[in-house]
Amino acid sequence: MHIVDGALSNPVVIGGAVLAVGGIARGLRSLPMEKIPVAGVLSAMFFVASLVHVPVGPTSVHLIMNGLAGLVLGWAAFPALFVGLLLQAVFFGFGGVTALGVNTLVIAGPAVLVWALVGGQVRRGSARDAAIWAGIGGALAIALTAIAVAGMLALSGEGFVLAAKAVIAVHLPVMVVEGLLAAAAVHLVKKVKPELFAPIGGALA
Amino acid sequence: MSSVLNTLEKPLTATGGRRQISWLGRIDPRVRIVAALAFAVVTVACGRLPVLLAALGIAVALLAASRLPAGRTLRRMATMDGFILILLVMLPFTVPGEPMFSLWGLPASREGLVQAVEILLTANAVILALMALVGTMEPVTMGHALHALRVPAALVHLLMFTVRYIDVLREEYLRLRQAMKARGFRPSTGWHCYRSFGYLLGMLLVRSMERSERILDAMKCRGFTGRIPLLDRFAFARRDAVFTAGFSLLLAGLIATEIAHAAS
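Here the protein sequences line up with chains A and B, keeping their order. Each position in the first sequence, counted from 1, maps to that position plus 1 in my numbering. Each position in the second sequence, counted from 1, maps to that position plus 261 in my numbering.
These aren't lab readings, by the way, just hints derived from the structure by calculation.
Stretch by stretch, here's where chain A covers chain B in the computed footprint (C-beta under 8 Å, at least three residues): (1) 290-304; (2) 330-338; (3) 370-382.
Beta carbons are placed, not taken as given, at the ideal position from N, Cα and C, and that holds for glycine.
Let's have the full structure, built from the sequences with the hints guiding it.
Printed below as a string of structure tokens:
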């Protein structure tokens, strides 16, 4: 779900941009130059993941995987996902220019929140426990994104309230799918390369 | 998004634009980025229908000048409109105002319809101008230009790495998908499919991570100390000045028309 230019009211657009810039700055500060290659490659990986379509009943959804991005990137998810959204807007025409801040905030904000909430359990737990927590995190990230998009729309005008409800309804199946995928992905990673969840973006503090 | 990309296309270089050929492609990349930003801010700030139509006209003219293949670009545009259309058809029924017509007993307001059309025009004008002005650049050139525009070096480096590895990892993904297909995997709705896709993502994550370790080792081997030289020097030539002046005039014209309409 990309918010486009012209849909949101000015205070929402400006507020979103300010918060996104803050998040990106925080993410870059936690990213020493030596970690830039890792973050760049993971940013590219999540860009590729967003091109993947997964069937849901008669239709299909494209993946967002912001929960998983948060789990491996921490605060660095902000600049990494911002870069992905920027490239999508410039080269694919998805999203918008003035809406870029809001779009970054609604995708990367939940990523960082999920990392703060379940990151520790995923890092320390057994493969099975980590998978369960990652599943919860993956679903939660989409839920938070949907709520944030709906909230931004609702804040922008009375007329959008119905659309905001529709956004949440549409994201319910996506939530389930992303949760299951995140759980399976983390299950595999915990068995193959558990050190992947060592913080790249620095510790929480 | 798969509908706009076939498997052989490389995502970031698949715009099909013959770069650096059109006159627009020769304008200083910094100027083009700033122009796209200014155009977006002005268009979003304006709200009158004639002004938005003029903005869309400017965007279409830029698209023609950029020599992006119009058909494909407009198709991508339409994919995006599909996303927002569902939100827009609701507006006439949810925005209160003078009823214009009614559908299944639901009154549709003129104000809501106008608002929906405004959003559609704004969104399309801004994104078309962005693709025509910035989307025709080499992604690496965009990185250098952003650096020249005082975007922090760390963010620019992150962008360069992302651009460099999107195509590589996409091929990695396609290889994994092909291996799954060879083993008889067919996407469907169900636990088996989701677990398989999850494992696919996990594997992609592991391979990406290991690749990035090799990249860092190789870079250190060549003396990487955490800085990548950003070499591109840009020259602000006379045609850039002419373009800047002309584009500023167009934007000023948009703002003037908006104010005139607001006053009347």
